[in-house]
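Peer 1: Now for the letters of each chain:
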Amino acid sequence: MTRYEPVIGLEVHAQLRTQSKLFCSCSTAFGADVNLHTCAVCLGMPGVLPVLNRHAVDLAIRAGLGLGCTIHPRSQWSRKNYFYPDLPKGYQISQYDQPIATDGQLIVEVDGATSTVRIMRIHMEEDAAKNVHDDLIAGNRSYVDFNRGGTPLVEIVSQPDIRSAAQAAAYMKTLRQILRYLGVCDGNMEEGSLRCDANVSIRPVGETKLGTRTELKNINSFRFVQQAIEYEIERQKEVLASGGTIVQETRLWDTQAKVTRSMRSKEEAHDYRYFPDPDLPNLVLEPSYIENIRTELPELPAAKLKRYTTELGLSNYDANILTEDAEIALFFEKALAVFKKPKAIANWVINEVLRKLKTQNDDTAAAATLTDAYAQQIGELVELVEDNIISGKIAKDIFADLKAGDSPKRIVDEHGLKQVSDVGSIEPLIDEVLAKNPESVAKYKAGRTNMLGFFVGQVMKQTGGKANPKLVNELIQKKLS
Amino acid sequence: MTKLYELTAHELAQKLAQNEISSIEATQACLERIEATNNLGAYLHVDSVGALALAKASDERRRANNTNGPLDGVPMALKDIFLTEGMPTTCGSKILAGFKPPYNGTVVQKLKDAGVVLLGKLNMDEFAMGSSNEYSGFTPARNPWDPERVPGGSSGGCAIAVAAGLAFATLGTDTGGSIRQPAALCGVVGLKPTYSRVSRFGVIAYASSLDQVGPLTKDVTDCAQVLQVIAGHDPHDSTSADVAVPDYTKDIEQGVSGLRLGIPKEYFAPGIDAQVRAAVEAAIKTYEQLGAKISEISLPHTDYAIAAYYLVATAEASSNLARYDGVRYGPRRDPGLGLNEMYDDTRSQFGSEVKRRIMLGTYALSAGYYDAYYGKAQKVRTLVQRDFANAFAQCDALITPTSPSPAFKLGENVSDPIKMYLADVFTVSVNMAGLPGISLPCGFTKDGLPIGIQLIAAPMAEALLLRTARAYEREHKWHLQRPAL
Ligand SMILES: [Zn+2]
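As given, the protein sequences belong to chains P and A, one line each in that order. Each residue of the first sequence is one higher than the last, beginning at 1 in the working numbering. Each residue of the second sequence is one higher than the last, beginning at 1 in the working numbering.
Calculated directly from the structure, the hints in this document are not laboratory data. Every value quoted in this text rests on a predicted model; they were computed, and no experiment measured them. Heads up, a few of these hints could be off.
To be verified - Taking lysine to any residue pairs in the SDA-like style, the calculated list, with each CA pair at most 20 Å apart, reads:
id : chain 1 : residue 1 : chain 2 : residue 2
1  : P       : Lys80     : A       : Ile24
2  : P       : Lys80     : A       : Tyr370
3  : A       : Lys376    : P       : Pro276
4  : A       : Lys379    : P       : Asp97
5  : A       : Lys100    : P       : Ala40
6  : A       : Lys355    : P       : Asp271
7  : A       : Lys355    : P       : Gly90
8  : A       : Lys355    : P       : Phe83
9  : P       : Lys80     : A       : Gly368
What the hints assert, rightly or not - Simulated coverage check for chain P against chain A, where a stretch passes if three residues somewhere in it have a Cβ under 8 Å from a Cβ of chain A:
id : segment
10 : 74 to 86
11 : 278 to 285
12 : 417 to 427
Even for Gly, the Cβ is constructed at its ideal location relative to N, Cα and C.
Hey, can you work out the whole structure from these sequences and the hints?
Peer 2: This is the structure:
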């Protein structure tokens with residue numbers, strides 16, 4: 001039986017993180033009332049002309065540089081002509097044969113093995129609007145919501161270098177991570193900020209020619225990328241095994257039935273009649289302009305991971321968690337600037353801060369939480385614990401109630417929460433606890449040494465958690481021995 | 001005795017300034033004249049109530065000594081291609097019947113800010129496609145010198161309005177000659193500025209890389225004054241030039257002594273009407289007498305310009321007109337149609353010439369034909385530009401006829417699109433090269449039809465062009481003749 005290898009290329013659409021649309025000043029905020037963020041320009045009314053949003057260009061350059069691409073000093077806007085109600089001008093302004101960036105790469109890791117996926121090109125374009133099919137309320141009618149129309153996107157096109165569904169999912173994850181690090185895209189797949197089309201074909205192992213491919217459209221989660229591609233590979237294998245041929249077509253992933261379904265065949269594909277948009281001059285970028293953006297690029301995840309393990313001495317595990325997300329890494333570094341013990345700060349960020357964030361489960365809320373002021377608070381808190389000023393227990397109490405504007409140091413001072421480490425004031429409390437619990441003392445002396453925890457707990461309770469637990473422990477053992 | 005509506009805009013401005021006439025009186029004179037010449041089909045929409053309100057406001061400003069410049073209170077009208085907030089704008093097409101734009105185009109706003117009284121919207125070929133105004137989606141317009149003849153297109157309504165005193169000045173657009181050709185056929189002055197000199201924002205696009213806004217006026221001085229108001233950079237138009245606007249009237253009386261004027265030999269080929277040729281040659285003599293140095297030059301790619309022009313223009317038009325799909329505005333006749341049926345039904349409302357050009361443009365851009373047609377046309381365009389650059393290395397301006405013939409009869413060319421396309425043969429190259437060009441009256445045929453001469457200058461040399469035109473205008477009084485109506 002023939003053994004096949006999959007050949008996969010991904011086209012990822014990433015929404016650029018701008019306040020306004022690509023060619024007008026309408027807001028790009030998600031979730032507004034239908035058709036609220038529209039104007040004559042993004043509605044394509046007669047007489048309107050596009051004016052380029054330079055911030056979107058800056059972000060596209062960042063994306064290109066972050067993915068190791070060549071940024072072209074001259075790129076061109078073209079019109080992609082086709083009819084659809086969600087396309088108000090009857091064409092989409094996009095970049096065609098002269099895109100802003102080409103020839104980059106992305107290093108992908110699957111099960112500890114790394115591979116390189118080449119990036120063919122990155123081009124800018126405006127998003128289409130959204131058709132709303134509402135057959136319940138108005139009786140089989142369709143509407144168009146133009147809020148999204150004109151939102152700036154980059155399309156990142158990979159070479160067909162991907163050889164498995166897992167690798168495709170890893171590519172998407174790594175790409176999302178880098179785009180978020182760069183501040184180029186918020187990566188919010190539920191809101192459609194990051195979407196993916198996958199071109200999938202298979203060929204006999206050893207064959208160099210590409211097989212007939214199908215295009216899986218508009219996949220919007222890592223899980224679906226993997227599932228849809230896995231399914232499609234198997235489907236194509238079965239078609240070939242049963243003597244059939246693969247039809248070049250567009251397919252959709254049915255998330256319910258977990259199958260891909262044919263959407264339309266490529267034979268009726270459009271002739272987009274691309275031509276340079278006469279309303280927009282070529283996009284000309286001074287080399288110094290591109291270099292300025294390069295100098296402003298943040299440290300990317302791979303470099304950060306390496307630095308955390310080698311320079312900061314963190315474990316690979318901790319470093320991976322901290323660098324997974326740009327905001328968390330940045331937060332960690334800010335807290336570390338307050339108190340320079342990497343392992344201690346890392347523990348707090350991973351165990352306390354991240355746990356708290358998970359309960360919010362919302363990127364915007366999370367971003368709002370990870371402020372500079374909060375990093376200052378965490379730094380102080382860790383310092384107080386590490387310097388034995390407060391116990392870990394007190395620290396966690398303070399952390400749980402921490403409000404904006406609070407200073408952990410001040411809280412400790414004002415509420416007298418400093419750890420008590422002087423034997424003279426702790427000893428009488430121990431004596432009291434032992435005297436009150438003669439049976440427990442007897443049990444301990446009879447060999448039940450796990451009773452120790454009980455005594456320590458009682459003393460800590462007496463002191464409101466302020467006693468130095470290590471000291472209490474030692475003193476009790478000494479007294480009972 | 002000159003009638004009020006026969007005054008030039010700057011003469012009216014003077015009388016307004018001296019309180020001899022009020023803006024209301026001038027506006028009323030136009031409105032009455034519009035009413036009386038209804039048969040010409042110049043206007044598609046007249047806003048008498050709005051115009052009188054604007055005139056009243058202008059008169060009040062004047063009383064308060066607070067006017068907005070020389071055009072304050074001057075009644076003007078616009079080709080129906082300009083978006084006017086709340087005022088019907090159809091671009092001469094049924095597909096936009098009932099459309100009231102939500103915004104003013106940049107030049108419209110500039111005129112409003114200058115205190116101009118806006119009388120209404122003028123007839124035109126549908127989507128500016130045509131050279132005779134017979135392709136108006138509503139009614140063909142008629143030449144005031146002979147109502148059996150066309151006024152030229154596509155800004156035919158503009159030229160009629162100026163020639164017949166239905167507005168003191170108008171704004172048109174010129175994609176391949178649509179200001180200059182009707183100006184010539186109706187005996188008025190028409191200027192197509194340098195591409196990018198005047199904003200296109202709020203002007204319904206025909207062919208974006210060729211379209212340019214410009215004035216049609218009774219004389220050259222008016223032309224300069226209107227250009228002064230509308231020229232300049234517009235942040236809403238990415239193709240508009242960020243170049244300072246000079247004072248266009250400053251040197252306008254300076255004459256042409258010592259100027260080098262080129263006569264492109266390719267523009268005097270057989271096929272040109274004998275009376276037109278004679279009038280243009282006489283005009284060249286006048287320039288020689290005024291001290292200009294005349295020399296013959298060559299624009300070798302002229303022959304290819306018209307074919308290349310129609311490829312570029314129709315390709316861009318096929319894309320620009322895609323938005324008229326019935327989804328958001330314009331008449332949707334049958335609400336029960338499915339998507340494709342609705343597209344078909346909506347777009348069936350385009351007139352035959354528009355359909356012809358959309359088809360041509362769609363073909364020129366389609367896969368497999370792009371290089372042979374659109375790509376090749378762009379190469380020709382570069383050659384045409386180079387021709388002119390070489391010419392302007394030798395001379396300051398060029399003189400040509402504006403149109404190969406005087407106004408032709410209604411219906412004469414409609415059945416022969418190619419013949420109709422040749423009406424723009426002397427004007428399209430100027431659009432292909434993005435240059436400024438002006439047409440001004442230079443005589444009449446023995447049947448009393450106006451003849452126009454075209455002057456062409458280098459990019460942004462409008463001041464030179466106006467000065468050159470004005471020198472001729474001072475010598476002859478063709479521009480003072482008015483049609484008998
Ligand atoms: Zn908008």
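Peer 1: With reference to the structure, classify each hint as holding or not holding.
Peer 2: Do the hints match the structure? See the list:
no.: 1; hint: P:Lys80 with A:Ile24; verdict: violated (50 Å)
no.: 2; hint: P:Lys80 with A:Tyr370; verdict: holds (14 Å)
no.: 3; hint: A:Lys376 with P:Pro276; verdict: holds (14 Å)
no.: 4; hint: A:Lys379 with P:Asp97; verdict: holds (18 Å)
no.: 5; hint: A:Lys100 with P:Ala40; verdict: holds (12 Å)
no.: 6; hint: A:Lys355 with P:Asp271; verdict: holds (19 Å)
no.: 7; hint: A:Lys355 with P:Gly90; verdict: holds (16 Å)
no.: 8; hint: A:Lys355 with P:Phe83; verdict: holds (16 Å)
no.: 9; hint: P:Lys80 with A:Gly368; verdict: holds (16 Å)
no.: 10; hint: 74 to 86; verdict: holds (count 4)
no.: 11; hint: 278 to 285; verdict: holds (count 4)
no.: 12; hint: 417 to 427; verdict: violated (count 0)
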